[in-house]
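One letter stands for each residue in the lines below.
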Amino acid sequence: MTPTVSASGLSLRYGGTRALDDVSLRLTAGVTGLLGPNGAGKTTLLRVLATALPADRGTFTVLGHDPATARGRQEVRRRLGYLPQTPGFHPDFTAFEFVDYVAILKEMTDRGVRHREVRRVLDEAGLADVRGKRIRKLSGGMRQRVALGAALVGDPGFLVLDEPTVGLDPEQRMRFRELIAGAGEGRTVLLSTHQTEDVAMLCHRVLVMAGGRVRFEGTPAELTARAAGRVWSSAERDPGAKAGWRTGTGSFRNLGDPPAGADLLEPTLEDGYLLTLDGAGAEVAA
Amino acid sequence: MPVTRQLVLPVHRTVPWGAVGAAGAAGLLLAALTRTGETAERLSLYLLRAAILAFAVGLAFLLDDPARHTTAAVPTPRPVRVALRVALAVPAAAAWWTVALLLVPQGARPPVGDITLEAGAAFVLAVAGAAAAVRFSEVARPGPPVSGGLLATAVLALLFWPGRWALFVPVEDERWAAAHDRWAVVLAGAVVFGAVCAVEPVRRRIRF
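Residue numbers (full-length UniProt numbering), protein chains in the order written: chain A, 1 to 286; chain B, 1 to 208.
Only chain B is shown next, with the shape it has when bound in the complex:
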């Protein structure tokens, strides 16, 4: 615990807040577009989802660590550092999300609990993707490839995701509740996947 406490400040300085902040600002701009007229208000759900995606893209940079290889053989385990970065990002993400929601006019705001579930799943997916990139590659800055992958996945999912497993449905769609059951599964899966990826393996799979 003393190590974790003493790591808070230096780890805070290693977080790429610039990338997270820029993505957050872009997301808030998208959310603010819902205040620009009636048409925009009607599109509030889609603009809010675009805002979520923008911020998730920023969170994909959360585990970027140029000193990864220099600090590869220290006794403080990697999951401690990952958990610290995530813990530092959670208040920022919560504050950002609150502002994003408040920017949407009250009458046009989608059900807050459900859309928050979507946001949570997207944010955790982004960080889990970064953890997977660190776990399965030598990359020190997983942000660029993971954010690109996240954008591509979002576009492909919008275009090709099967209707019977729909995730991106409008509020008035009868599949809204079922879709959010699926979002809960996505969130839980992303949490487990991210946690597994954050751990450093002591053995490799034998390939002989």
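In isolation and in its complexed conformation, chain A is listed as follows:
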């Protein structure tokens, strides 16, 4: 399958910190999840791929266009939708006006076509009833959907979503999952998240980042399989475990190298993720 995004050797430093360290990846159609602890470099990678931040080194292409020149960057942006981690708005705009403004910035100059497209994405984002409402009067979840609508307008081939479900309640998160799953049909979506459930439910591929590097690239099933035979249950916290916590049933769930005869449990994606982070030298929450 021809990759939508192909990156090689992306590196970027902030002062003395390597935010990205020789990152190479290939993204194809469907939703790819990007997991990693805070400070792993996820947002930096997303901003670089969204052309919002130039890398110090390395190259990448989006749908065959190289953003290393002003013209190439413009071509990439014509095919891109970007939802930043903390989207900002002009609060006096209505949802419709704001998405319409973004649509003009995306060079949609035919007013009739543009307004139809804005209505389409607002309907898709579940905002049909509030499209005439000022953004300052919308809830956090609705604002997030306005930002998703702005990213979706113009039907981009590559969608970059930076933690779109953060701060949403479970119902809103479920609604967002539906939207992202729909967006992933026929286009490439890169979804940064802290929610392993989001990845398990939505993604056909997953990347795990730590310390500015990609530590894992594969399917969610492959990430889960990394924890096979490395999760066990015990009555007390196992001191040999990399991480362990008391579950609702009162027993401890331990991760690491189990003792002989341990009561092994079915691993989850989160177990695979935590053990991958441990292997990368990152801190594993216990």
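Each statement offered as a hint is correct.
Selected chain B positions facing chain A (in silico; Cβ < 8 angstroms): (1) Val3; (2) Gln6; (3) Leu7; (4) Pro10; (5) Thr14; (6) Arg68; (7) Thr70; (8) Ala72; (9) Ala73; (10) Val202.
Here are the computed distance ranges between Cβ atoms for each label pair: (11) B:Leu151 x A:Thr28: 48 to 58 angstroms; (12) A:Glu222 x B:Val191: 48 to 58 angstroms; (13) B:Pro111 x A:Tyr14: 42 to 52 angstroms; (14) A:Arg120 x B:Ala22: 32 to 42 angstroms; (15) B:Val3 x A:Thr28: 27 to 37 angstroms.
Simulated from the structure, these hints should not be mistaken for laboratory data.
Every residue, glycine too, gets a C-beta built ideally from N, C-alpha and C.
Dock chain B against chain A, hints included.
For chain B alone, kept in the frame of chain A given last:
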């Protein structure tokens, strides 16, 4: 061009006219003080300079854009949006300056061309400062830090600027003409600096 034309109205709505207007009103109040008596008339140059500074502080908010990051990856380049905001502010600034000048009694008015040069340089410096803040930081609202920096710079320049490069001289000072040659240089430098800062870089300086 069609994109630019269609952006005029929405960009007009994104400009923080409240901050610009409040600073403009404060500036006009300062200019109007020159009509309050003989002493104030003698101080007209300084009051007019204070008015210029007040309005420049307002113009430092011109590039405030809370949606900066949401619109960071659109094909319409950032310089187009900056240029539109500046183009929308120019008529307002020209009108404000005309009123400010007319508020100063004719006999107390400093040479109009020269003081207009000072005003132009201060206004462009304010916007160039905001463009630099956008270019070199992640800030979405450069207005507050840039306006603070502008005020601090003005005060420090008044106190410590070397006499041989004087900028803030009285009309009767023999250095008046030379000072305004320097104001012209400041204006030209600010225009170039602002234009350079308004452009989005495609590459970062390699730091390895």
